[in-house]
Amino acid sequence: MNVSRDEAVEALDVIARSRDQMLTLRRYARFAPFLLIWGGIWVVANGITDIAPAWSDRAWLGCTALGVIASILLGMHLGRRSRSRADSAVRRGAWVPRLVMLGLAICCYFPVMYVVLGPLAARQTNAFISLFWAFAYMFAGAWVGWRLFAIGAVAAAAVVFGYLAIGPHYYLWMAACGGGTLIAGGLWLRKI
Amino acid sequence: MDGPDELIHQSTRLKLTATLNSLDVGEALEFGRLKAILGATDGNMTTHLSALEKAGYIDISKDFVGKKPRTRIALSRKGRRAFQQHVAYLKATIEGP
Numbered sequence: 183m184n185v186s187r188d189e190a191v192e193a194l195d196v197i198a199r200s201r202d203q204m205l206t207l208r209r210y211a212r213f214a215p216f217l218l219i220w221g222g223i224w225v226v227a228n229g230i231t232d233i234a235p236a237w238s239d240r241a242w243l244g245c246t247a248l249g250v251i252a253s254i255l256l257g258m259h260l261g262r263r264s265r266s267r268a269d270s271a272v273r274r275g276a277w278v279p280r281l282v283m284l285g286l287a288i289c290c291y292f293p294v295m296y297v298v299l300g301p302l303a304a305r306q307t308n309a310f311i312s313l314f315w316a317f318a319y320m321f322a323g324a325w326v327g328w329r330l331f332a333i334g335a336v337a338a339a340a341v342v343f344g345y346l347a348i349g350p351h352y353y354l355w356m357a358a359c360g361g362g363t364l365i366a367g368g369l370w371l372r373k374i
Numbered sequence: 028m029d030g031p032d033e034l035i036h037q038s039t040r041l042k043l044t045a046t047l048n049s050l051d052v053g054e055a056l057e058f059g060r061l062k063a064i065l066g067a068t069d070g071n072m073t074t075h076l077s078a079l080e081k082a083g084y085i086d087i088s089k090d091f092v093g094k095k096p097r098t099r100i101a102l103s104r105k106g107r108r109a110f111q112q113h114v115a116y117l118k119a120t121i122e123g124p
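Sequences listed follow chains A and B, in order.
If you read the first sequence in the working numbering, its first letter stands for residue 183, the second for the next number, and so on.
If you read the second sequence in the working numbering, its first letter stands for residue 28, the second for the next number, and so on.
These are computed hints drawn from the structure, not numbers from a lab.
Be aware that a few hints might be false.
Unchecked claim - Beta-carbon label-pair distances, calculated as ranges:
(1) Gln111(B) to Pro279(A): 45 to 53 angstroms
(2) Lys81(B) to Phe314(A): 48 to 56 angstroms
(3) Glu33(B) to Tyr291(A): 22 to 30 angstroms
(4) Tyr291(A) to Ser88(B): 23 to 31 angstroms
(5) Gln111(B) to Phe292(A): 45 to 53 angstroms
(6) Pro350(A) to Asp51(B): 47 to 55 angstroms
Said to hold, decoys possible - When the alpha-carbon atoms are kept at most 30 angstroms apart in a straight line, the in silico BS3-like pairs for lysine-lysine are as follows:
(7) Lys118(B) to Lys105(B)
(8) Lys105(B) to Lys89(B)
(9) Lys373(A) to Lys94(B)
(10) Lys62(B) to Lys373(A)
(11) Lys373(A) to Lys118(B)
(12) Lys94(B) to Lys118(B)
Glycine included, every Cβ here is placed at the ideal spot set by N, Cα and C.
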């Protein structure tokens, strides 16, 4: 059997595409549980805000704290799994400074934006923070893969539509459609 | 330099081995997932998997998850080596003598 130069080029291209496809699916699988966690938080916290507005602040504070802890634990677990891989180039602890810088940037972003924008109504604050995350998923999707980009776009559209078109039950809309988009997206990312 | 590996070079089997080679050593992929990635039919998959298993290139394990049967496929050490040699051959073909 002889393989021509053109056939060899084509075969190596098939191999590269298969590898890229598998890497994208792996990245999706890593991202999926984060979407499921935060989708659940959107459902619970927005749901409580709609049903019992007096509990809104406590619900968001508690749910966000839970989400941050769950995300850090999940990130550490995924980091350990990556390091245990024979072909992994991930250095021990290489992600820690990145996560610290990312956390610092996010913690500073919202207070600074509030200073610039001035006092916001509760509904505006909710839409502002929700849109930040929806667009963050779109930015991440540009690197991770189109499915994540699409999930972020649908979530952003849900926020904007809810903010502009849904009346007093905006939070219920955000629980069902915003949180629902993230949960459905998380399940979609787990599928090949 | 060895010649091409005829078993691996066939287009579906090339995609199949390349996909399995992207996994960690010893890591397996479920039959259904592999089929979806390759866009192959059950019959097509069975034929190609049998050929690769016969050559000792893949390990097929079957178990149950609850009451559901599960078939998992992994590239064997021999298969990984054969794939890497085939890739080396392809690269050498492009680079020329």
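Inset, instruction - Measure nothing beyond the straight line between the CA atoms of lysine 373(A) and lysine 94(B); if it is 30 angstroms or shorter, mark the hint as holding. - result: 21 angstroms, holds
Legend entry - Hint consistency between lysine 62(B) and lysine 373(A) [alpha-carbon to alpha-carbon, up to 30 angstroms]: 13 angstroms, holds
Legend entry - Beta-carbon spacing of glutamate 33(B) to tyrosine 291(A) - inside the hinted bounds 22 to 30 angstroms or not: Hint violated: Cβ distance 57 angstroms, outside 22 to 30 angstroms.
Legend entry - Pairwise hint evaluation, lysine 118(B) against lysine 373(A), where the allowed Cα distance is 30 angstroms at most: 33 angstroms, violated
Legend entry - Pair hint outcome, lysine 105(B) versus lysine 89(B) [Cα-Cα no greater than 30 angstroms]: 20 angstroms, holds
Inset, instruction - State, for the Cβ atoms of lysine 81(B) and phenylalanine 314(A), whether the hinted interval 48 to 56 angstroms holds or is violated. - result: 55 angstroms, holds
Inset, instruction - Could you say whether the range 47 to 55 angstroms given as a hint is met by the Cβ separation of proline 350(A) and aspartate 51(B)? - result: 52 angstroms, holds
Legend entry - Whether the CB-CB distance between glutamine 111(B) and phenylalanine 292(A) falls inside 45 to 53 angstroms: 49 angstroms, holds
Legend entry - lysine 94(B) paired with lysine 118(B) [C-alpha distance capped at 30 angstroms]: Roughly 46 angstroms between the alpha carbons, so the hint for lysine 94(B) and lysine 118(B) is violated.
Legend entry - Range hint compliance [Cβ, tyrosine 291(A) to serine 88(B), 23 to 31 angstroms]: Given range 23 to 31 angstroms: violated, Cβ gap about 48 angstroms.
Inset, instruction - Look at the Cβ atoms of glutamine 111(B) and proline 279(A) and judge whether their distance stays inside 45 to 53 angstroms. - result: 35 angstroms, violated
Inset, instruction - Compare the distance between the alpha carbons of lysine 118(B) and lysine 105(B) with 30 angstroms, and conclude whether the hinted pair is satisfied. - result: Roughly 20 angstroms separates the two Cα atoms, so the pair holds.
Consistency note: the structure conflicts with the earlier hints numbered 1, 3, 4, 11, 12.
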